[in-house]
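K.L.:
Letter by letter, the chains look like this.
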Amino acid sequence: MAFIPHTPADVEAMLATIGVASIEQLFDEIPASLRVKSLDGVPVGLNEMQIGRLMSERARADGRPLCFIGAGAYEHHIPAAVWALTTRGEFYSAYTPYQAEASQGTLQLIYEYQTMMASLTGMEVSNASLYDGASAVAEASLMAVRANRKSKSRLILVPRTVNPQYRRVAVATAGNQGLRFEDVPYATDGGVTPLDALKKYEAEDITALVIQQPNFFGQLEDVDALTDWAHAKGIFVIAVVNPTSLALLKPPGEWGTSGKGADIVVGDGQPLGVPLSSGGPYFGFMTTRMEYVRQMPGRIVGRTVDLSGREGFTLTLQAREQHIRRAKATSNICTNQGLLVTAATIYMSLMGPVGLERTAAASHASTKDLVAALTAVKGVRRAFAGPFFHEAVLLFDRPVAPVLTSLGKRGILGGLDLSEHYPELGYALLVCATETKTKSDIDSYVTALAEAVQAVRAA
Amino acid sequence: MMRTHDKANEKLIFEYSHPGRGATDQWPQPLPATASADLPQHLRRTKPPLLPEVGELEAVRHFTRLSQLNFSIDTHFYPLGSCTMKYNPKACNQYAMLPEFLGRHPLAPESHGQGFLACMYELQEMLKEVTGMQGVALSPMAGAHGEFAGVAMIRAYHRSRGDLARNEIIVPEAAHGTNPATATMCGCIVREIPVNEEGDIELDALKAAVGPNTAGIMLTNPSTLGVFERRIEEVARIVHNAGGLLYYDGANLNAILGKVRPGDMGFDVIHMNLHKTFSTPHGGGGPGAGAVGVSARLRPFLPIPIVGLEEGNRYRWLAEKDLPQSIGRLSGFMGNAGVLLRAYIYMRMLGREGMSQVGEYATLNANYLLARLKQAGFDAAYPSRRASHEFIITLKRQARELDVTTMDFAKRLLDHGIHAPTTYFPLLVPECLLIEPTETEGKDVLDTFVAAMTQILEEAEQEPERVTSAPHTMPVRRLDDVRAAKQLDLRWKPTA
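So the protein sequences, as listed, match chains A and B. Under this note's numbering, think of the first position of the first sequence as 1, with each following residue one higher. Under this note's numbering, think of the first position of the second sequence as 1, with each following residue one higher.
By construction, these hints were calculated from the structure, which means they are not laboratory data. Bear in mind that the values here come from a model prediction, so they are computed numbers and not experimental data. Take these hints with a grain of salt, some might be off.
Cβ pair distances, simulated, as ranges [said to hold, decoys possible]:
| # | chain 1 | residue 1 | chain 2 | residue 2 | range |
| --- | --- | --- | --- | --- | --- |
| 1 | A | GLU202 | B | GLN68 | 57 to 63 angstroms |
| 2 | B | GLU125 | A | ALA203 | 51 to 57 angstroms |
| 3 | B | GLY312 | A | GLU48 | 27 to 33 angstroms |
| 4 | B | ARG231 | A | ASP183 | 49 to 55 angstroms |
Lysine-lysine pairs mimicking DSS-like chemistry, simulated, CA-CA at most 25 angstroms apart [as the list claims (entries may be wrong)]:
| # | chain 1 | residue 1 | chain 2 | residue 2 |
| --- | --- | --- | --- | --- |
| 5 | A | LYS200 | A | LYS233 |
| 6 | B | LYS486 | A | LYS328 |
| 7 | B | LYS47 | A | LYS260 |
Note that the Cβ used here is the ideal one computed from N, Cα and C, for glycine as well.
With the rest of the complex left out, here is chain A:
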């Protein structure tokens, strides 16, 4: 089953045209010693009925638990229209829009996307996407090194309140080019980055400061104070944001009291109509100010006119990219996450400013309800004071892992155990609820938690 339409008569006619006796003869330039003997490690083929059955069994094995995990991937309602349209063959099976005349649909959609993302983040220009939020932080750091000409240090400050996986990806990606990433501690009472923690860098050459809002704990950073501190020293601000939250929270383009705002804004676009899907495909977004557009990695679409003066869309500023600039490109990125941008653009069109704000507000309210309900259980309390968006850290009086296992058996994924990334917090759990969680879902969690704590105590 290889989706090959040739009849034996076709093959015969084609071989005659080429002037060879067999398909095998077409491989006669390849040394015989290198030819494949067998592919026994690949199973025999399945027809569509058989693969359908196998995949349904595999899916059933994973189940559909009630999920209260966030930590960088968020379950939101996705209107049916989003993926019905996104998986239309004309979007799904097209390639990168290099032939602009035959790709106006994709190109116009990306232009619409760039408009939405620029506005949502309060910036002037957006690219057409990066791989995911984590790799976007790495690309933003590399971009800051190119764009912040005042700094020579290649030193990036990364508060520990930034998603720890993002930090790891940045190190793995940009470390090879001599960038260094230094941790900044958080305040143990508020779970945010205090200005005090930055004091030791007063006299140092720093290229950029990363600020995540809401931060990995769900807490709200004092973005104005942090931005002002950085800008006073000529340090770039790289904002890492959740796009849903921006319907409620101040866009990075307005951070700080000078009105200048963040310099580069990145994040993961998954909350905008992209299913959880075991971690991907998602997409990374990046926006910036016009003065830095030539330092931006990835594809950018511009509006122009054709020979007859009609409006049309095309990839632009390609002189930044690898297929033109080769070893001197701003990044090696080529294929990005186009189809997810399609989904996100349709999602944002359906939600509009009002729907997105309601989604953000409902997620915030839902998490407050969840936190109130869980902290009413004996032995559970909040780790940090201060406002949060749609995630919060809870402290338990016992190790979290066995509780989570026990909850899992009851069909509930209770959150992310923070003991690997933040052992100093003790028995800490990061929980999340979005607009998808009802009061009865939260009740189920509380009931199951009480049982799970019992079960662990009994064990």
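Got chain A sorted already, so can you dock chain B onto it with the hints?
P.N.:
Chain B only, in chain A's frame:
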């Protein structure tokens, strides 16, 4: 079908917007303002974002119409060289989008992911088998991302041996642009070497280029010139003897799938473009998936996470603890999982017998198309060579004699309902078209392509301005790229 109106085809979504309108059925119920009152004023948004306010049907019509402005595999022949635009089976999409797979959180415990993890583990195993490599990691999210992982592993390998001087990556002059760009991202210096008139690497130049600074060489085989590098074993010997490693750019793996394995050719590390060879969709520019495979000596350096199989038939993620020498994490979670599921389904449907048919029929189609085009009067760039799964014709003669360029041919093909092949790549062949039909196209489609090319050639001789001013039937004519780059218009702004 000439269009006459000024506004191209479809308004911008913002131009449909009306204050107060919306796809209200999709929205959560409104909450009183007090529900968010705990968020401090100075951290709040004051002006709503510029998102369209349109009804659901308006949005559906708008995006459906936009889709109709595209060429795609589902609607058009798309022989884009080096991109392997083959049919994306519908089953791969349908079964990767089962609700359990879509709803699974990336940090869900392994107890709630054995089905998904089993697919990933088996995918790793199948990719090892078809490439002849000893270890596979799935997390890189595109070809260039896989390249990054590969070169980073080469560097990590040399470093682990204290061999710190090795920072040069050799690439043939015809390499994909991502190769040198990747080498730079990994902190390496690029050295380009020439190929001879038959498309093989100049071995003397290679011998002169290698030395104690050589980290490795990056190759595609078949090369970007559409021919198999016949002396690959000799190339491998030269590079290995100099202490370097061999990197295989899997962009052209479709040509040899089931016929030759990169591991058997002597490659130490490869990336596979699953969106090419294993038929996951290109999606208008991604998502791709750039799984990497390695020989035994590079296995400790693979990027994490990887799926491991434990006693009791339980699958689990291998992470930092299991692979302390890993080059680390390249994605927030585990890469483009949904794309990987599609590749898995495709490979299971093809099975071992289907795998070798891919390489065979892709090669048959390319050689047939090349033979027919030669008969029709076109010049092959490497006339003495077999085509691999793709080949190059050069329109240098036509450009000189008729003053019609490759770009003109490409644009006129659009009028025939055929997506243009890759143009002006590789850079070293003047006025070239890189043509890759793939195995999923039948003879009739290939014949239609030849007929279109023949007709365009005739037109170029008799009525060249029809060709030089093409396309004529598309939503727009040729676009002013210079204006696009000089008068940057990168987002819509409402008129006051």
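K.L.:
For which of the previously enumerated hints does the structure constitute a violation, in increasing order of number?
P.N.:
Violated: none.
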